[in-house]
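**Q** Spelled out from the first residue to the last, the chains are:
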Amino acid sequence: MMHNDRREFIRKAGIGMLAGMGAASGILTGGGFERTTSAAWAAVPGEHGRRWGMLIDTRRCREGCTLCIESCHHTHNVPAVKSPDETVEWMHKEDGRELLGSLCSSTAALPALCNHCVEPSCARACPTDSIFRRTDGIVAIDYHRCVGCRSCMQSCPYGEVSFNWSDPRASLKNPSLDYPTRQRGVVEKCNFCSDRLVRGKKPSCVEACPEGAISFGNLNDPSSEIRKLLESSETLQRKPELGTRPSVFYII
Amino acid sequence: MRKKNILIIGLLAALLVVLVSSFRAGAESESPAEADAARVDSSACVYPKEYMQTHHMQVLEDWKNTAAHEGPDAVHETADGRKFQKNLSTCLACHGSNRYFCFSCHAYANVTPNCWNCHISPLDTP
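The listed protein sequences correspond, in order, to chains A and B. Under our numbering, the first residue of the first sequence is numbered 54, with each subsequent residue one higher. Under our numbering, the first residue of the second sequence is numbered 340, with each subsequent residue one higher.
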């Protein structure tokens, strides 16, 4: 036999609502921060050996500093094309929210580069097999095969592939002699410094960063520095929901 | 007492030196790729001179087609077991010393290979 007057009803409803809010705050702790699951760097079944990966600690990334980008672009003869709709970039800085979505609390400009995905959609789209995934996890381009169809640019969800609309040599003032240039009509993107790795060097952005914000290493090696950092930190990936499994991670 | 102090300071200094050197060693062993691929060996050519004079284009064509896809395994092994990185710079590490090595012959034979569209030609190096 329930008999509540109006005052009693409002009081009980209020208590119920408070309890509900309390429970919800318990469930939804940590804001939107979702730690990258270890599946993101777990070895691909049937695939052993190296998988190169990068971790960018954006807390140490200086505002307005572009040393990593300058070093990368000089090392790989990336042309500084003036026209904004013909820009060629291997690395650039982008607003944190744009880059990592609403989970990212930072609106500072963060470094962005090719994610060297385990499931690269650019490689799926390439009709000539010019973009492919190497055995060490690097998504590389064979510029000899590229026909300039730009399918990879359309399919890359991160927009990290650039096209040479004009002769890149015209925009190179001081080319690095250790690395080739490209020619008009081919695409290009970050190669995770595969040219430097083969000589036992770290990627140029890693070496250029004065704050040591960029770590690089083998994601398949549990004792590597990058794996230890991944296991001990909250990290984000770009658009993990797409299932491309990026190899570039961010600490916010 | 004083002697004891000096001894302790000496021990501390030794400990510091050991610690610093061990950190250094750690930093060096961190280097990623400990180049398991072949080093650029320019002491002798991939094939005998006579073969290369007539067939260098086939060798380079093969390297061009296979090197990128083989990635870290793009290593050319000769019959006598020497290993070379499949890269035009492997050739130029030796032949680049004569800036006209490629061009004098290609001009004579009237051929214009497109290598230098992208690779930086020895003629463009200072």
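Hints in this document: simulated from the structure, not taken from any laboratory. Quick caveat: nothing in here was measured; it's all calculated off a predicted structure. Cβ coordinates follow ideal geometry from the N, Cα and C atoms, glycine included. Errors might be hidden in some of the hints.
[What the hints assert, rightly or not] In silico lysine to aspartate or glutamate, EDC-like type, Cα no more than 20 Å apart, as pairs: (1) LYS255(A) <-> GLU294(A); (2) LYS292(A) <-> GLU147(A); (3) LYS422(B) <-> GLU409(B); (4) LYS254(A) <-> ASP231(A); (5) LYS422(B) <-> ASP248(A); (6) LYS135(A) <-> GLU116(A); (7) LYS254(A) <-> ASP189(A); (8) LYS388(B) <-> GLU400(B); (9) LYS422(B) <-> GLU400(B); (10) LYS403(B) <-> ASP248(A); (11) LYS255(A) <-> ASP412(B); (12) LYS254(A) <-> GLU400(B); (13) LYS403(B) <-> GLU123(A); (14) LYS388(B) <-> ASP412(B); (15) LYS388(B) <-> GLU409(B); (16) LYS255(A) <-> ASP220(A); (17) LYS226(A) <-> ASP463(B); (18) LYS403(B) <-> GLU264(A); (19) LYS422(B) <-> ASP401(B); (20) LYS403(B) <-> ASP231(A); (21) LYS281(A) <-> GLU294(A); (22) LYS292(A) <-> ASP110(A); (23) LYS255(A) <-> ASP110(A); (24) LYS146(A) <-> ASP182(A).
[As the list claims (entries may be wrong)] Computed footprint of chain B on chain A; a stretch qualifies when at least three of its residues, placed anywhere within it, have a C-beta under 8 Å from a C-beta of chain B: (25) 150-160; (26) 231-238.
**Q** Is it true that the CA of LYS255(A) sits at most 20 Å from the CA of GLU294(A)?
**A** Measuring from Cα to Cα gives roughly 30 Å; hence the hint is violated.
**Q** Hey, LYS292(A) versus ASP110(A), does the alpha-carbon distance stay inside 20 Å?
**A** Judged against 20 Å, a Cα distance of about 18 Å means the pair holds.
**Q** Under the criterion that the straight-line Cα-Cα distance not exceed 20 Å, is the pair LYS422(B), ASP401(B) satisfied?
**A** With a Cα-Cα distance of about 16 Å, the restraint between LYS422(B) and ASP401(B) holds, given a limit of 20 Å.
**Q** Would the hint linking LYS403(B) and ASP231(A) be met if the CA-CA limit is 20 Å?
**A** OK: LYS403(B) and ASP231(A) at ~17 Å, within 20 Å.
**Q** So if I understand the rule, the pair passes when the alpha-carbon distance is 20 Å or less; does LYS388(B) with ASP412(B) pass?
**A** violated (26 Å)
**Q** Would you mind confirming whether the straight-line C-alpha gap from LYS388(B) to GLU400(B) stays at or under 20 Å?
**A** The hint holds at about 18 Å.
**Q** Under the criterion that the straight-line Cα-Cα distance not exceed 20 Å, is the pair LYS422(B), ASP248(A) satisfied?
**A** holds (17 Å)
**Q** Against the 20 Å threshold, does the CA-CA distance of LYS388(B) and GLU409(B) hold or violate the hint?
**A** Since the Cα atoms of LYS388(B) and GLU409(B) sit roughly 26 Å apart, the hinted pair is violated (cutoff 20 Å).
**Q** Verify the proposed pairing of LYS226(A) with ASP463(B), using a straight-line Cα cut of 20 Å.
**A** The given pair, whose Cα atoms are some 13 Å apart, holds under the 20 Å limit.
**Q** Checking C-beta pairs, does the region 150-160 of chain A have three or more residues closer than 8 Å to chain B?
**A** violated (count 0)
**Q** Verify the proposed pairing of LYS281(A) with GLU294(A), using a straight-line Cα cut of 20 Å.
**A** It is violated: about 24 Å lies between the C-alpha atoms, which goes past 20 Å.
**Q** If you draw a straight line from the CA of LYS403(B) to the CA of GLU123(A), is it 20 Å or shorter?
**A** violated (29 Å)
Hint violations for this structure: numbers 1, 6, 12, 13, 14, 15, 16, 18, 21, 24, 25, all remaining hints satisfied.
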